[in-house]
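Visitor: Each chain is listed here by its residues.
Protein chains: 2
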Amino acid sequence: MTTPAAATPAASRLPQQSRSRATRRRLLEAAVECLAELGWNGSTVTVVAERAGVTRGAAQHHFPTREDLFTAAVEHVTAERLAAVRADTGELPPAGPARTEAVVEMIVRLYTGPLFRAALHLWVAAATEEPLRERIIALENHVGRESHRAAVEFLGAAESTPGVRETVQATMDMARGLGLANLLTDDGPRRTGVVRQWARILDAVLAAPPAG
Amino acid sequence: MTTPAAATPAASRLPQQSRSRATRRRLLEAAVECLAELGWNGSTVTVVAERAGVTRGAAQHHFPTREDLFTAAVEHVTAERLAAVRADTGELPPAGPARTEAVVEMIVRLYTGPLFRAALHLWVAAATEEPLRERIIALENHVGRESHRAAVEFLGAAESTPGVRETVQATMDMARGLGLANLLTDDGPRRTGVVRQWARILDAVLAAPPAG
Chain A
1 MTTPAAATPA ASRLPQQSRS RATRRRLLEA AVECLAELGW NGSTVTVVAE RAGVTRGAAQ
61 HHFPTREDLF TAAVEHVTAE RLAAVRADTG ELPPAGPART EAVVEMIVRL YTGPLFRAAL
121 HLWVAAATEE PLRERIIALE NHVGRESHRA AVEFLGAAES TPGVRETVQA TMDMARGLGL
181 ANLLTDDGPR RTGVVRQWAR ILDAVLAAPP AG
Chain B
1 MTTPAAATPA ASRLPQQSRS RATRRRLLEA AVECLAELGW NGSTVTVVAE RAGVTRGAAQ
61 HHFPTREDLF TAAVEHVTAE RLAAVRADTG ELPPAGPART EAVVEMIVRL YTGPLFRAAL
121 HLWVAAATEE PLRERIIALE NHVGRESHRA AVEFLGAAES TPGVRETVQA TMDMARGLGL
181 ANLLTDDGPR RTGVVRQWAR ILDAVLAAPP AG
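So the sequences go chain by chain: A and B.
Residue numbers for the first sequence follow full-length UniProt numbering, beginning at 1 and rising by one.
Residue numbers for the second sequence follow full-length UniProt numbering, beginning at 1 and rising by one.
If we strip away everything but chain A, and leave its shape as in the complex, we get (with noise of 0.2 Å):
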């Protein structure tokens, strides 16, 4: 990237950039955590320069608006959450009944920690507000791919065989269920019951799926 910036010798360019890219990540993680404990009205991009330690000029010099904040957070956050679970996919159990289940509840963690509720606060404004309805519809589409390709990969799941495919997105859908009863409560011990059960269900289903 030759710019007339360049012009700048590249030892006093880089710990600005790397500088500014720590402010920026700083900036993202309050922003989930904001959103998480807050709410979308109660999260502002001053609320959140707060708790980063960085100005409010600062803030608004990497995200202009209070949606690109917001958005940009849930996506990186993900992004790390995902790349995190993939770091850790050698810890898992060899195919079958305990890795489905080991799989299944990782599954479940994504979706009831503060990451989640954070993406629920943000989802649920995104329904009426104008600005942020088409940005979320986009981060959610490309979520929800991203996601799926780790459950099908991690399930090891067939998807070419009839049923497979929906069976793995009614997993995430159920997970997706589970954070929103986690949300005003401890959902904690009932979730266990449901979670183990629907690993069995899923082990059994995805060794011999149902005919149609």
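Simulated from the structure, these hints should not be mistaken for laboratory data.
In this text, a Cβ means the ideal position worked out from N, Cα and C, and glycines have one as well.
Check each hint, because a few of them may be wrong.
Stated by the list, open to error - To be clear about the criterion: a stretch of chain B counts as covered by chain A if any three or more of its residues have a C-beta under 8 Å from a C-beta of chain A, and this derived list gives those stretches: (1) 51–63; (2) 72–84; (3) 109–123; (4) 129–138.
Fit chain B to the given chain A structure using the hints.
Guide: The following block gives chain B in isolation, referenced to the frame of chain A:
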């Protein structure tokens, strides 16, 4: 209920009571419509009163606070919807795969219409608005129990069989996730495949639950 006011002759009291009940019902229905369309931020008592064709004072006579109005509205419309579903169960096919599919479709329909959308806005608002939180937790418990009971009944599920209770719960969680997936875009085409596949699985599991 004999009170001093009961001195009014019954004939003139009854029409007044029935007008009051009709006003109350109009307010409750308008409140659910507003929530579904405008979200929590846009749903004020004034907006609901206008839509119901009632003065703001009359609305406040029935529901002293905004929280009273919207909590009562979601509760009322849910009860009406469940009663309507119960009234229609005679139309369901006899026990077997066709009935299971019809029941799953019915449950998912409840979670993908305007009533769920209204409840979702209220639910997410309750995560950050203290005056709503306790009421919505109580409402969620009540509605969850009623819906679960109805699902068990319509499916003819034997809850004493290990795993059956959790399988029905998973069905409700999946339906809730499908409701969320339908918030910003029409998820109907994808949903059809998921519902059909889940109905097949559910039917097989209810007939012969997988061993623990």
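Visitor: Could you run down the list of hints and mark each one as holding or not?
Guide: Tested hints:
1. Figure legend: the segment 51–63 of chain B, annotated as covered by chain A; annotation inconsistent (0 residues with Cβ-Cβ distances under 8 Å, at least 3 required).
2. With 0 residues having a beta carbon nearer than 8 Å to a beta carbon of chain A, the segment 72–84 of chain B misses the requirement of three or more and the stated coverage is violated.
3. With a threshold of 8 Å between beta carbons, the proposed coverage of the segment 109–123 of chain B by chain A holds, since 4 of its residues qualify and at least three are required.
4. Given a C-beta distance limit of less than 8 Å, the hint that chain A covers the segment 129–138 of chain B holds, as 3 residues qualify and 3 suffice.
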